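*Asks:* Take the sequences, apply the hints, and build the full model.
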Amino acid sequence: MMRSRLWLAVACLLATMGSAVAQKQGGTLRVTHRDNPPSASVLEEATISTLMPFMAVFNNLVVFDPATRENRLDRVVPDLATSWALTDDDRTLTFQLRDGVKWHDGKPFTSADVKCTFDMLSGKVASKMRKNPHKTWWFNVKDIATDGDDKVVFHLNDPQPSIMALFAAGFSPIYPCHVPAAEMRTHPIGTGPFKFVEFKQNESIKLVRNPDYWKPGRPYLDAIEYTIIPNRATMLLAMATGKFDLTFTSDLTPELMKSLQEQAPETQCVLQPTGTQGNLLVNRERPPFDNEQIRRAMVLSIDRKAFSDILSRGIFDVGGVDLPPPEGRWGWSKEFMETVPGYGADVEKSRDEGRRIMKSLGYGPDNMLPLKVSTRNIPDYRDAAVILIDHLKSVYIQAELEPLDSSVWYARLARKDFSVGMNIQGISIDDPDATFFENYLCGSERNYTSYCNADLEKKFHEQSQMKDLDARRKLVWDIDKTLQMDAARPVVFHAKAATCWWPRVHGINIAMNTIYNHWRFEDVWLDQ
Amino acid sequence: MLDYILRRLALMVLTLFGVSVAIFLLLRIVPGNIADILFDSAGMIDPAEKQQITKDLGLDLPLVEQYARWIGGLAHGDLGYSYVSEKPVLDEILPRIPITARLAGLALLFAVCTGVPFGVISAVRQNSWLDYILRVFSLLFLSMPSFWLGLLVLMAFVNWFGILPIYDKAPPTWGAFALMLGVPAATVGLRSSALIMRLTRSSMLEVLRQDYVRTARSKGLSEGAVTFVHALRNAVLPVITTIGIETAFLFGGLIVTETVFNIPGVARFLVEAIRWRDYPMVQNLVMFIAVIVVMVNLIVDIAYMFVDPRIRLRA
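Protein sequences appear in the order of chains R and Z.
The working numbering runs 601 ahead of the 1-based position in the first sequence.
The working numbering runs 57 ahead of the 1-based position in the second sequence.
Think of the hints as simulated: they come from the structure by calculation, not from any bench.
Computed from a predicted model, the values in this text were never measured in an experiment.
One should not assume that every hint holds.
Straight-line alpha carbon distances no greater than 27 Å define the calculated DSSO-like cross-link-like pairs of lysine-lysine that follow [unchecked claim]:
#1 R:K736 <-> Z:K226
#2 R:K935 <-> R:K1082
#3 R:K732 <-> Z:K144
#4 R:K935 <-> R:K960
#5 R:K816 <-> R:K716
#6 R:K1082 <-> R:K725
#7 Z:K226 <-> R:K844
#8 R:K1059 <-> R:K743
#9 R:K732 <-> Z:K112
#10 R:K1082 <-> R:K1060
#11 Z:K144 <-> R:K729
#12 R:K736 <-> R:K725
#13 Z:K226 <-> R:K801
#14 Z:K226 <-> R:K625
#15 R:K708 <-> Z:K144
#16 R:K906 <-> R:K973
#17 R:K1060 <-> R:K725
#18 R:K1017 <-> Z:K107
#19 R:K732 <-> Z:K107
#20 Z:K144 <-> R:K801
#21 Z:K112 <-> R:K807
#22 Z:K107 <-> R:K801
#23 Z:K107 <-> R:K725
#24 R:K807 <-> R:K625
#25 R:K1097 <-> R:K1082
#26 Z:K107 <-> R:K729
#27 R:K816 <-> R:K625
#28 Z:K112 <-> R:K729
#29 Z:K226 <-> R:K807
Per label pair, the in silico range of CB-to-CB distance [as the list claims (entries may be wrong)]:
#30 R:C1043 <-> Z:M352: 57 to 63 Å
#31 R:C1043 <-> Z:S200: 53 to 59 Å
#32 Z:D225 <-> R:N892: 56 to 62 Å
#33 Z:P152 <-> R:D1006: 24 to 30 Å
#34 Z:P202 <-> R:P966: 51 to 57 Å
#35 Z:Q108 <-> R:P966: 47 to 53 Å
#36 Z:P152 <-> R:A834: 41 to 47 Å
#37 Z:P202 <-> R:N892: 45 to 51 Å
#38 Z:D93 <-> R:R983: 22 to 28 Å
#39 Z:Q123 <-> R:D1128: 41 to 47 Å
#40 R:G1044 <-> Z:Q123: 56 to 62 Å
For glycine and all other residues, C-beta sits at the position ideal for the given N, C-alpha and C.
*Replies:* Structure representation (structure tokens):
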């Protein structure tokens, strides 16, 4: 035992020494990309398709320590802010900013840029941004003031311990005030380790090393090139032959990962939660789904284990709104989950209850409720929707699949033009302040089902102000349980997928509880 | 002869006018307001932007005026603006044209260079084992879907040679460049090749039984001269017609091949533009493809004159 520990310690030491001395400068990192990003503006999009390639162009005020695998509040480290301090009443947060930082166009970075970014994000000033999907994250920001060029002060309505996690999120980079929003969508300018070169629609994205990067010696790579390969079979073959160094994050299902490692056993892969969850959307403003009983019966029909088994051979997790443990910090424990209706092991019992409800409303085997399940016309969505349709039959609902092109799907979601939908949605930070406010706050842009519960909203704010983690977790679990029982947007599964790379790539550190971070590539180097 | 060419040119202009009207009207009778669709698919939320789109596209103008503006823009090289990529349509299309043109040209060349000789061989050696093999292969290639064939070809290259001939902006060697061009072209051209082969064979079989072929043989001409000078020249007319028609079908095959081989060409781009309801892009790309198809058919019509003196003389 003692000997094995000694070997382990020596191995760790050698690995650390190896990585400390062996970094090589230069080379182009070649990465596959799954589809065409809607734009290059990280603040305006909520998709990893934009975040992964363009995160390296920017910096945040603070970041989650890129050297650790878990994004959590106590691992927030400086980025453009060198330090920060809260006043005694926890309502004033002051950031001291890094000196001498320049935007990629040579202009100096100042506190005005920080103010301008967060004024825009919190909706305090009119901006030319087309979308602002994370506006609700900044619900608590009363105002922002600058104190000279190197200090910025955030005044909060209430104490909010988690706000530092929001500042550290991949979707919270600092934008330059002097660059119009339209230009940021096509030619982003940041302070980050890589400069934007070109974004060819449906073809490629190229970034090059920022020689004036404020972090000495970084980045190691000369350039990063993303090639858009929508066809997964082609992507897999290209990766297996070594044409690329790294796959797009979580682009490989467990089956595809296995296939790649059979073809190229040297490749390294990490299978992790993607931060995306499958959820059922029921438009509560459209009859008959304005009837709470029908929504409840629909929820009771869902066999979550079957979803996981069919879609991933049991690899997907089951849970509520927040990512389940061990990767997630706020998700339900197994014991608690058993107490939530519809999550118990006895699915038939739940379905009996669902059938009873539907019978009381006049439906039955000879009089099934007809409906359309709308979904995005890509395999991940379609497969889940087909399983849902099968489950709904068990409570006398005869559903028909309505596959929609991506553009139509998002437009219909935004207009709430659907009755029932099968959705897959990314949750970019493992923190209830992000999940609750983004998806369940009355009037939030991404609250697709228009769920609005004033009492629960008070609890959203209450948990947000709590410092005691255990007490907060307990309240978060209760809120989550209420959301599931209200069929606000019933969560069906938490997906997992793999990211793979060749051993010549060093310094990749994928967070275990999100795919929406750690893509700055400043510590990544190529051994070639 | 000049009269014939001028007549064909006039017909081409008339056809293009018809096509442009059809494209213009079809895009306007699909359900939904174009401004609404563009607004949603480009992810805009500010209603002022919707009004701007309506104004930019002239959707508030009468249909005839809208059409005239579009055609006028085309004539001046102004293809409009893509609201999804936020770039001029021309800037998006232009770099992709040479990529697709090269692929389509090579595919046609492959189809003709393999289809015609194999068709001739198959006809000359009618009912021999070689004829049977060629006919079986031609049927096989005709019935194989492009996407499946493309994937098979890629897998074969990976398994046998350890290389993947997909698109590369800067191929490392000339060999890689040749493979990158040749393999997708052969894949997309295989179907056309099979069709041309079958057509050449049947046409040759008919011609080889004609009196003038027998006369040529009796004059003591070599079998090669009889086959290629006397028979093939007369048998090739329907083949040329088919090449013109195949150009249109080729675009269908290109969409799939460009996707499988990850080639950033016009065909794949058109599918993406349709997916994102990028109307200015779709309208101009479809028009561009129509122009190519019509022009190829014009070239085919002109080629008739050189191959068949009867057409030349009649003209």
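*Asks:* Identify every previously stated hint that the structure contradicts and give their numbers, smallest first.
*Replies:* 1, 4, 6, 21, 34, 36, 39 and 40
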